[in-house]
Amino acid sequence: MITLYGIKNCDTIKKARRWLEDNHVDYRFHDYRVDGLDAELIQKFIAELGWEALLNTRGTTWRKLDETVRSSITTADSAAALMIEMPAIIKRPLLWAPGKPMLLGFKESQYQTYFIEV
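Just so we're on the same page, the working numbering is the position in the sequence shown counted from 1, plus 1.
No lab work stands behind these hints, which were simulated from the structure alone.
It is possible that some hints are incorrect.
[Said to hold, decoys possible] Derived DSS-like pairs (lysine-lysine); straight-line CA-CA distance at most 27 Å:
id, residue 1, residue 2
1, K65, K16
2, K9, K45
3, K45, K101
4, K101, K65
5, K108, K9
6, K16, K108
7, K92, K9
[What the hints assert, rightly or not] Restraint ranges, calculated between C-beta atoms of paired labels, are given here:
id, residue 1, residue 2, range
8, T75, E109, 29 to 37 Å
9, I117, K16, 15 to 23 Å
10, D39, S73, 18 to 26 Å
11, I117, D67, 42 to 50 Å
12, D12, L66, 31 to 39 Å
Bear in mind that the values here come from a model prediction, so they are computed numbers and not experimental data.
Idealized CB from N, CA, C, for every residue including glycine.
The task is simple: from the sequences and hints, build the whole structure.
This is the structure:
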């Protein structure tokens with residue numbers, strides 16, 4: 002089953018969900034705030050994408066963090082702990098289809114290419 006990970010009220014998530022629905026792609030939506038996020042799942046994301054790619058350092062959540070907290074995020078473990086504590090800091094959406102690489106972010110052209118092979 003294809004899974005789209007993110008936060009329901011995110012504008013980019015809404016665009017990705019609309020694209021999936023308009024293109025009749027069967028998927029499950031996993032809302033970090035509702036469905037949760039555990040260490041095992043975040044480690045799978047980090048193993049494939051890297052913690053630097055997952056950590057949204059351009060968003061409001063990151064900018065609101067105290068500088069000492071931001072400067073302490075230097076390893077996969079420290080980033081994972083922060084992402085579990087504050088899931089809004091994870092770049093989104095994250096799309097995961099069985100047997101395919103994870104896809105981070107939303108661009109219509111990327112989704113079209115990704116699903117040609119599904």
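Checked hints:
About 25 Å separates the Cα atoms of K65 and K16, which keeps this hinted pair within 27 Å; it holds. With a C-alpha separation of about 21 Å, the suggested pair K9 and K45 falls inside the 27 Å cut-off, and the hint holds. For the hint pairing K45 with K101, the CA-to-CA distance comes to about 14 Å; that is within 27 Å, so the pair holds. With a CA separation close to 34 Å, the supplied pair K101 and K65 exceeds the 27 Å bound.
Distance check on the hinted pair: K108 and K9 sit about 18 Å apart at the alpha-carbon level, within 27 Å; holds. Simply put, K16 and K108 have alpha-carbon atoms about 9 Å apart, close enough for the 27 Å limit, and the pair holds. Restraint check for K92 and K9: satisfied, since their Cα atoms lie roughly 13 Å apart, inside the 27 Å limit. Separated by about 35 Å at the C-beta atoms, T75 and E109 satisfy the suggested range of 29 to 37 Å.
Restraint check, I117 to K16: a C-beta distance of roughly 19 Å satisfies the suggested window 15 to 23 Å. Between D39 and S73 the Cβ separation comes to about 22 Å, which falls inside the hinted range of 18 to 26 Å. At roughly 44 Å, the beta carbons of I117 and D67 sit within the given window of 42 to 50 Å. In this structure the hint that D12 and L66 lie 31 to 39 Å apart at CB is violated, the actual value being about 21 Å.
Of the numbered hints stated above, those contradicted by the structure are hints 4, 12, listed in ascending order.
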